[in-house]
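J.: Protein chains in written order, with this note's numbering: chain A, 1 to 356; chain B, 1001 to 1356; chain C, 2001 to 2235.
Don't take each hint at face value.
[Unchecked claim] Restricting the straight-line Cα-Cα distance to at most 25 angstroms, the calculated cross-link-like pairs of lysine-lysine (DSS-like) are:
(1) A:152 / A:142
(2) A:140 / B:1002
(3) B:1002 / A:152
(4) A:169 / B:1015
(5) A:169 / B:1007
(6) A:225 / A:274
(7) B:1247 / A:255
(8) A:156 / B:1002
(9) B:1232 / C:2173
(10) A:192 / A:142
(11) C:2150 / B:1354
(12) C:2177 / B:1137
(13) A:72 / A:39
(14) B:1232 / C:2228
(15) B:1232 / B:1015
(16) A:86 / A:39
(17) C:2150 / B:1346
(18) B:1253 / B:1171
(19) C:2208 / B:1232
(20) C:2150 / B:1342
(21) C:2150 / B:1232
(22) C:2208 / C:2197
(23) B:1007 / B:1151
(24) A:258 / B:1002
(25) A:46 / A:142
(26) A:140 / A:192
(27) C:2173 / C:2183
(28) B:1137 / C:2183
(29) C:2003 / C:2054
To be clear, the hints were calculated from the coordinates, so they are not data collected in a lab.
Here is what each chain is made of, one letter per residue.
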Amino acid sequence: MKNMKRTEADCIIIGAGPAGLKAGTILQSMGYKIFILEKDDQPGGKLLLWNTLSPHNESAMEILNPLLKDLKKNIMTSVQIETIKKSPEGFTVADQNQTIYTSPALFISTGFKPFNAGRKEEYSYGIYDNVITSVELEDKLKNNNITMTNGKVPGKVAMIHCVGSRDIKVGNEYCSSVCCITGIKQAMELRKRIPGIQVSCLYMDLRLNGRFYEDNYKMAQMNYKIQFIRGRLSETNEDVDGSLVIRYEDTLAGKPAKMTVDMIVLLVGMQLDKSVSRICPLINEHTGTDGFFGTGKIDFSLNPQKNGLFFAGACTGPKNITESMNEASRVAFEVHHFLKNSLISENQDQHDRFWL
Amino acid sequence: MKVDGKKVFWNEYQKDIADDQYYFVRSCVRQNFFPGAEEAFIRILRNDLGKDLYTDPNHTTCTGIGYHVDLVKLETTMTVIARQFALMSEAGYRNFVISCVTSFGLYNEILDIWEKHPEIEEQVRDYLYRSTEREFKIPENLVHASDIIFKFRGQIAAKTQYKLVNQYTGKPLQVVEHIGCHYAKMFPEKGVGGAEHPYVLAGFIESLGGEVIDYPERRMCCGFGFRQYFIKASRGYSLSCTYRKMKSMEPYKPDLIVTNCPGCNFFFDRWQYVISETKGETYGEEDNGIPVLTYEEVAALALGYDPWGLGLQMHQVAVEPLLEKMGVDYDPAVKYIGFSGKQLSKPQMPDLLKVY
Amino acid sequence: MGKLFERLQQDVRFSEGLEACINCGTCTAICPAASFYDYDPREIADALQVEDEKILEGLLKGEKIWYCGQCMSCKTRCPRGNTPGLLILALRNLSIETGLYLHSHRGKQMYVLKKLIGDTILSTGYCVHADGVDTCLFPEQGPVWDWIRKNSSEIYNLFGNSYNKPGNGPLRKISKKSMNELKTIFNITGCTDRFEKIENDAAKCAKKLNLEYDDTIWNEYFQLMYSKNQPKDES
Chain A
1 MKNMKRTEAD CIIIGAGPAG LKAGTILQSM GYKIFILEKD DQPGGKLLLW
51 NTLSPHNESA MEILNPLLKD LKKNIMTSVQ IETIKKSPEG FTVADQNQTI
101 YTSPALFIST GFKPFNAGRK EEYSYGIYDN VITSVELEDK LKNNNITMTN
151 GKVPGKVAMI HCVGSRDIKV GNEYCSSVCC ITGIKQAMEL RKRIPGIQVS
201 CLYMDLRLNG RFYEDNYKMA QMNYKIQFIR GRLSETNEDV DGSLVIRYED
251 TLAGKPAKMT VDMIVLLVGM QLDKSVSRIC PLINEHTGTD GFFGTGKIDF
301 SLNPQKNGLF FAGACTGPKN ITESMNEASR VAFEVHHFLK NSLISENQDQ
351 HDRFWL
Chain B
1001 MKVDGKKVFW NEYQKDIADD QYYFVRSCVR QNFFPGAEEA FIRILRNDLG
1051 KDLYTDPNHT TCTGIGYHVD LVKLETTMTV IARQFALMSE AGYRNFVISC
1101 VTSFGLYNEI LDIWEKHPEI EEQVRDYLYR STEREFKIPE NLVHASDIIF
1151 KFRGQIAAKT QYKLVNQYTG KPLQVVEHIG CHYAKMFPEK GVGGAEHPYV
1201 LAGFIESLGG EVIDYPERRM CCGFGFRQYF IKASRGYSLS CTYRKMKSME
1251 PYKPDLIVTN CPGCNFFFDR WQYVISETKG ETYGEEDNGI PVLTYEEVAA
1301 LALGYDPWGL GLQMHQVAVE PLLEKMGVDY DPAVKYIGFS GKQLSKPQMP
1351 DLLKVY
Chain C
2001 MGKLFERLQQ DVRFSEGLEA CINCGTCTAI CPAASFYDYD PREIADALQV
2051 EDEKILEGLL KGEKIWYCGQ CMSCKTRCPR GNTPGLLILA LRNLSIETGL
2101 YLHSHRGKQM YVLKKLIGDT ILSTGYCVHA DGVDTCLFPE QGPVWDWIRK
2151 NSSEIYNLFG NSYNKPGNGP LRKISKKSMN ELKTIFNITG CTDRFEKIEN
2201 DAAKCAKKLN LEYDDTIWNE YFQLMYSKNQ PKDES
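In isolation and in its complexed conformation, chain A is listed as follows (with noise of 0.2 angstroms):
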């Protein structure tokens, strides 16, 4: 038999994005001995592709090093994970290297899959030139490179809202819940960077629900005249000249209307990363009817306790960063609690014995 690496911790978190990593730290700082498995070669998980974060414009980059601080060896990235067991001590987890990790309590913070925008037939995303997502724009806003595919600045730019997210048509019938403030944040940051440029964001509805988000909306009209136009994109067209056709309706006119564009920025949303669901049916039973894991209900817990699984971050349903951190926060008390719990009827079944 090869060389067997294994591994005992007390807790096993899949997932070096920010709930993880937030949860890897508090558990390490109560003194649990934690492994990270990220299957990135870096952790950050979907920081390492934000240049700024909404409201404020911080910067991902400075989000994510301090929650790396003390974490650093116990992150092991580019682990592909090929098994997962459960047994009553708890779980085993084998990578493509045949290490072994084990431990009584397993946190998944797999987060989000962005959102396949090829999917949208009719926005005609790898077809038509200049169609990109807001990921896409984002890479080039860090690298202040925002061209089209003829190496032209735009001139005119319609944000795209709603791709990937209710659409019964995708199969997502959710909102993703940061869409629309990425929509926002990357319009203004468009306006300040090109002068004269021109911003609309199509939208069926404004969901800013998070502090500060409806300064930004008002910030993002006052100073920076981006359009809003409450309307869904309905089809892409290329015209003889490359530029793009856009057909909507501006359902505050109650006009079917048609808008040419040079470049079209499609904001995609969150669909759960399902690399861990498909490798181990256990966690695959707690996705619920959303594609996420969980259920939804103002049950804190989850169920997890009785079984040692917990979950937190996206993968329970599209939230902003600060909201993934709060969350694995929460639940990273509840591993604590899990813990402890499991030392103590250990413990007292080491007394019963004793005694009786």
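Start from chain A and add chains B and C according to the hints.
T.: Below, chains B and C without anything else, positioned relative to chain A:
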């Protein structure tokens, strides 16, 4: 534009199309305006592809046009359709092939209703039996005739004498492919390539060496509108839709328009005439208009069938410029010869649009 | 729930066509009728959501529901899975059944369709037949159609040799047995009654307007309904 991007949808929307033993139902509009096209389809399938295609003189209209002008009740249409299915079973067939696109959409709609509401199917069985003492089976395979041409496009292309290539320049002909709305808009999974980037005609055109044009109004309805056309007072709707499409495709300089819906074919053909008379505008070179062919006519022409044997003399927009470009051998002297062999008087020439 | 709504619910196209509308306008954006007429499919879906009998009655009596061109582009795109085009079919059907279609000019034009298409179906077995189409009523058919009509047998028999006679080619004369089956289907499913009702309603309307009326398509009332929209469209 990255045309390769469309391949994702073309691969995703694969449709089950039967191999042989087809029960064929004719189209009211095609029989009236393009009878040669329908006969050509039958000959191509039997003679060029060696298929068993059954034509039944006992089938009637499916009443689709009557249904969509709100004249024929849903129960009536369903029962007439059930009768067509009964005739199919009685003839010993299980694969149903439809010439008309409105029909195709309607058959799919009815089958969908029956699947979701079996009690309605039961009711229709009762109506049919009471009216005709016939019983029906749902076809195992139900496709549009253009699906079959698509399926065998490789075989057809291998046998063709002529290609969709300009013999003078060597360049592929620029082709507008227009898909009838009821082919895929109602049930995208029932259309080859889906509703947004359909492939049923594009694939066929490519196999004959043509190049497909994507223009901004590609997906728009030709404007038949059913009652909007039949009632003269609202006919402007129909004309306006086609006019908008013609203006949109004009900058791409199409050599040919190919459709799979007989109604669409009719409208592109006749409205070009009306536009030339009322607005003095023509499309294509030298007031020739852009020839409008059905997919069967294209297939037959390429296979070397005589243009007048196909009924191309029944089109208002002249096909001769296309025949010249393709290098098709034809005899102008035979164009206006009737069934008895006598030379018929020529049609009157329009004021602007050229007719030969 | 009111009586009209109860009847609307019985049409499977209503239940198939309405899930719940969020007024996003995706349907109106690509609706050809919305771009040419004062028509908005989103408004139709939204109006039907709250089961308001008065609103429904207004729709059934009004011009709006007759603008849709039945292209079904709305069905492909709606993120909630609604189909305004199907709702329109259900509304038009109910409007005719209840007689409320007589309150709108476009509704009354059902008579034209009954003559042009309904009568053709029951006499020939086709929805459209060349013998009933000419450039007098359909000038857009063009000079080529005049030529085809003038030489109809010579031309149609080139393709399958079945023009208006027994055979298996295009425009074959459909057998008496098949025609009788078709007519029986129309009788049993209540469609013959509907055709008769439309004809009778038209006779009454013609009388009210003091216009000549008979069972051909050349009477004054037919020509009016065929060629004219109301001078001022009531929506």
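J.: Look at each hint and say if it fits the structure.
T.: Here is what the structure says about each hint:
Under the criterion of a C-alpha separation no larger than 25 angstroms, the hint pairing residue 152 of chain A with residue 142 of chain A is consistent with the structure, at around 18 angstroms. A C-alpha spacing of about 21 angstroms is found between residue 140 of chain A and residue 1002 of chain B, which places the hinted pair at or below 25 angstroms, so the restraint holds. Among the hinted pairs, residue 1002 of chain B with residue 152 of chain A is consistent with the structure: their alpha-carbon atoms are about 19 angstroms apart, no more than 25 angstroms. This hinted pair checks out: residue 169 of chain A and residue 1015 of chain B have alpha carbons roughly 19 angstroms apart, not beyond 25 angstroms.
The suggested pairing of residue 169 of chain A with residue 1007 of chain B holds, with an alpha-carbon distance near 20 angstroms, which does not exceed 25 angstroms. Proximity of residue 225 of chain A to residue 274 of chain A is assessed by CA-CA distance (about 40 angstroms); at most 25 angstroms being required, the pair is judged violated. Taking the CA atoms of residue 1247 of chain B and residue 255 of chain A, the gap is near 22 angstroms; set against the 25 angstroms cutoff, the hint holds. Taking the CA atoms of residue 156 of chain A and residue 1002 of chain B, the gap is about 22 angstroms. The hint holds against a cut of 25 angstroms.
Using a Cα cut-off of 25 angstroms, the hinted pair residue 1232 of chain B and residue 2173 of chain C is violated, with the two alpha carbons roughly 28 angstroms apart. At most 25 angstroms may separate the alpha-carbon atoms for a hinted pair to count; residue 192 of chain A and residue 142 of chain A meet this at roughly 14 angstroms. Restraint check for residue 2150 of chain C and residue 1354 of chain B: satisfied, since their Cα atoms lie roughly 21 angstroms apart, inside the 25 angstroms limit. Of the supplied pair hints, the one linking residue 2177 of chain C and residue 1137 of chain B holds, its CA atoms being roughly 21 angstroms apart against a limit of 25 angstroms.
Straight-line distance between C-alpha atoms of residue 72 of chain A and residue 39 of chain A comes to about 15 angstroms, which keeps the hinted pair within the 25 angstroms bound. With a CA separation close to 8 angstroms, the supplied pair residue 1232 of chain B and residue 2228 of chain C stays within the 25 angstroms bound. Our distance criterion of 25 angstroms between C-alpha atoms is broken by residue 1232 of chain B and residue 1015 of chain B, whose separation comes to about 39 angstroms. Straight-line distance between C-alpha atoms of residue 86 of chain A and residue 39 of chain A comes to about 21 angstroms, which keeps the hinted pair within the 25 angstroms bound.
This hinted pair checks out: residue 2150 of chain C and residue 1346 of chain B have alpha carbons roughly 11 angstroms apart, not beyond 25 angstroms. The suggested pairing of residue 1253 of chain B with residue 1171 of chain B holds, with an alpha-carbon distance near 13 angstroms, which does not exceed 25 angstroms. Distance hint between residue 2208 of chain C and residue 1232 of chain B is fulfilled; the C-alpha atoms sit about 23 angstroms from each other, no more than 25 angstroms. The straight-line distance between the Cα atoms of residue 2150 of chain C and residue 1342 of chain B is roughly 14 angstroms, inside the 25 angstroms bound, and the hint therefore holds.
The straight-line distance between the Cα atoms of residue 2150 of chain C and residue 1232 of chain B is roughly 23 angstroms, inside the 25 angstroms bound, and the hint therefore holds. Simply put, residue 2208 of chain C and residue 2197 of chain C have alpha-carbon atoms about 17 angstroms apart, close enough for the 25 angstroms limit, and the pair holds. Proximity of residue 1007 of chain B to residue 1151 of chain B is assessed by CA-CA distance (about 16 angstroms); at most 25 angstroms being required, the pair is judged to hold. At most 25 angstroms may separate the alpha-carbon atoms for a hinted pair to count; residue 258 of chain A and residue 1002 of chain B meet this at roughly 23 angstroms.
Between residue 46 of chain A and residue 142 of chain A the CA atoms are separated by roughly 14 angstroms; this keeps the pair inside 25 angstroms, and the hint holds. Annotation: proposed proximity of residue 140 of chain A to residue 192 of chain A holds, straight-line Cα distance about 14 angstroms (limit 25 angstroms). Our distance criterion of 25 angstroms between C-alpha atoms is met by residue 2173 of chain C and residue 2183 of chain C, whose separation comes to about 15 angstroms. Restraint check: the Cα-Cα separation between residue 1137 of chain B and residue 2183 of chain C comes to about 22 angstroms, which is no more than 25 angstroms; the hinted pair holds.
Simply put, residue 2003 of chain C and residue 2054 of chain C have alpha-carbon atoms about 11 angstroms apart, close enough for the 25 angstroms limit, and the pair holds.
Comparing the model with each earlier hint shows violations of hints 6, 9 and 15; every other hint is respected.
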